[in-house]
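With the sequences and hints as input, model every part of the structure.
Here the protein sequences line up with chains A and B, keeping their order. Note that the numbering used here has the first sequence beginning at 1, numbered continuously upward. Note that the numbering used here has the second sequence beginning at 1, numbered continuously upward.
Because the hints were derived from the structure by calculation, they are not lab data. The beta carbon of each residue, even a glycine, is placed where N, CA and C say it ideally should be. Treat the hints with care, as some may be off.
Where chain A lies over chain B, by a calculated footprint (3+ residues, C-beta under 8 Å) [as the list claims (entries may be wrong)]:
1) 28-37
2) 94-104
3) 107-119
4) 205-213
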Amino acid sequence: MSLQFVVDGLLTGSMIGLGAIGVTLTYSILRFSNFAHGDFMAWGTYATLAVVSAIGATVGKVAPIAPLSFGWPLIVALVIGMAFTALLALLLDKVLFARLRSQGQAIIVVMASFGASMALRSLLEFTFTSRPTYFSRAIQIAMPVGFGIRITPDQIALLLLTAVLVLGVHLLMTRTQTGRSMQALSQNAALARIVGIDVASVVRVTWVIGGALACVAGVMIGILVQIRPFMGFDMLLPMFAAAILGGIGSIPGAVLGGLIIGLAEAGAVQLIGAEWRAAVSFIILMAVLFVRPIGLFGVRER
Amino acid sequence: MDLLGYGAFFLTTALIFSLVTLGLNLQWGLTGLFNVGLAGFVAIGAYTSALLTTPDDAARLGGFGLPILVGWLGAMVVGGIAAALTGMATLRLRSDYLAITTFGVAVVVQLVALNAQKLTGGPFGIGFIPRPFGSLAETPLLFNLSNLAVVSVVTLIAYLALEHLSRSPWGRVLKALREDERAAISLGKSARFYRVQAFAVGGAIMALAGALQAHFTGFIAPDNYLPILTFQVWVMLIVGGSGSNLGAVIGSILVWAIWAGSGTLTSILFPPEQQARAAALQIAAIGVMLCVILLIRPNGLFGDRPRRRRFSKRAKIAAGESSSGS
Chain A
1 MSLQFVVDGL LTGSMIGLGA IGVTLTYSIL RFSNFAHGDF MAWGTYATLA
51 VVSAIGATVG KVAPIAPLSF GWPLIVALVI GMAFTALLAL LLDKVLFARL
101 RSQGQAIIVV MASFGASMAL RSLLEFTFTS RPTYFSRAIQ IAMPVGFGIR
151 ITPDQIALLL LTAVLVLGVH LLMTRTQTGR SMQALSQNAA LARIVGIDVA
201 SVVRVTWVIG GALACVAGVM IGILVQIRPF MGFDMLLPMF AAAILGGIGS
251 IPGAVLGGLI IGLAEAGAVQ LIGAEWRAAV SFIILMAVLF VRPIGLFGVR
301 ER
Chain B
1 MDLLGYGAFF LTTALIFSLV TLGLNLQWGL TGLFNVGLAG FVAIGAYTSA
51 LLTTPDDAAR LGGFGLPILV GWLGAMVVGG IAAALTGMAT LRLRSDYLAI
101 TTFGVAVVVQ LVALNAQKLT GGPFGIGFIP RPFGSLAETP LLFNLSNLAV
151 VSVVTLIAYL ALEHLSRSPW GRVLKALRED ERAAISLGKS ARFYRVQAFA
201 VGGAIMALAG ALQAHFTGFI APDNYLPILT FQVWVMLIVG GSGSNLGAVI
251 GSILVWAIWA GSGTLTSILF PPEQQARAAA LQIAAIGVML CVILLIRPNG
301 LFGDRPRRRR FSKRAKIAAG ESSSGS
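Here's what the structure looks like:
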């Protein structure tokens, strides 16, 4: 068995982990599992792709930044895409989730997110058709780094980007007042209100972080694999499994859970075959639910 | 004559959907269990019955050539067991975990259907499933009508049984658990045990519906059991009104009429190369419809919703709760 699966697993794990941060935050602060989160990913990716094409159409062809396969247009487009996805999440919350939440039935919100997910995905399919597209069709040469492992410059850049983003969110959650408010609300909503935490603004921050990170995860999939309307929906089970494995509400947990599932998937692809990949998250999910339902870093619910 | 034949075909499909919706109504409407992987349970039923009843096939396991009724019973047993296992794993946890797990069940069933060629025939599915009144296939009208009769009888039996169940002491416990779990537990009812039972019976009904569908069309493939099926059935239940068996049946027929009608409409209005896109738009429209119904008429047409929730809403408004709360 070659060690290449470590790199593949870390990359898949980064995508899952970045997505799982949004899932775990929505779950712990807004108290519902958002089935539309995968479709935020896909929408962010298509938005980024649209901006890249728009930049390409106005300034002409831009040379990629030396060893990478993409140039500054993609970086600019990613930032715009992140803002777009965050706005999309806020909008969906305003027209749908917030209204149902105020009726006080958590599971109705889950169902609405399921309906919204179907609608969002089908709209993408309608606009862009289900044919896969790519940011770049250039093939990168993978550099050997020893132990039989090869890695491309794009992959290194994306792993670094993940690390920076995860560290940033972690610092935001632990070192700022906003982050502490978020934690307070997730631990005890009633008490958080009593001490005067602005619930509406915490909810907004949650959607902005979740949406923006979903966009990054989607663009990573777009760069390394391909862009399809179903790309986000297919990530849903791994993301949920990662969030539960890490412990609901825990950001390091979600990322670690994502990495574990990514590595397990990559290992399974090598040992059993790629067609069974999607079963890995389910098996891990069931194991966690049976053995330790609060996850690695979870706290028991009060 | 053609119209009558199509009508029979349409109603048969709609009634098979009703059966799935009835199963979901037992799980969600009566017990409050959220199943977003029901396509998986329908598939389990269809494949079980197909394996039991098809003639021997060298390319895969079985083909045991058993009678159709045995296939249906087998489907219910296997579907019920699968649902019971799912329930046992998750029902002691938060309700969202059941949703995520059932979602996973559907993904895994889909994977097995696609990849376990020895068991399921892989992407090409299973053909030559015996059809009730198959000897009448030369006269489609007679064939469709006799199948409609079979499906109607099965749906009617399921409907009456579920109506009886929901009025029985067992059904009252389920309702009590849905409304106020603590009160029910304090009366000595084991919440988890009753819920697993309800979930298993619901799963068995869904599996039976899958088996009926398989024997009606004579051919099944993994594509029949995509998440879109789950979604359609949910819309049917919500439109009809969760909690009401009558609503489940009428909602299914209504939504299937809208679905089939809009499908015909898009195939007339759009050129062939745009069909796939038009179908996507059709799904998007139904998704929006689900959200709108949840927002403006959560009870559906015949819904039976507990009074307590309305009360708690009023209480929250009285307490000046803003819409941004959790």
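Hints, one by one, checked against the model:
1. Counting residues of the stretch 28-37 of chain B whose beta carbon lies closer than 8 Å to any beta carbon of chain A gives 3, which meets the minimum of three for the stated coverage.
2. Look at the stretch 94-104 of chain B against chain A: 9 of its residues bring a Cβ nearer than 8 Å to a Cβ of that chain, three or more, so the hint holds.
3. Closer than 8 Å: that is the beta-carbon criterion, and the stretch 107-119 of chain B has 5 residues meeting it against chain A, so the requirement of 3 holds.
4. Only when three residues or more bring their CB closer than 8 Å to a CB of chain A does the claim for the stretch 205-213 of chain B stand; here the count is 0, and the claim is violated.
When the structure is compared with the earlier hints, a violation turns up for hint 4 alone.
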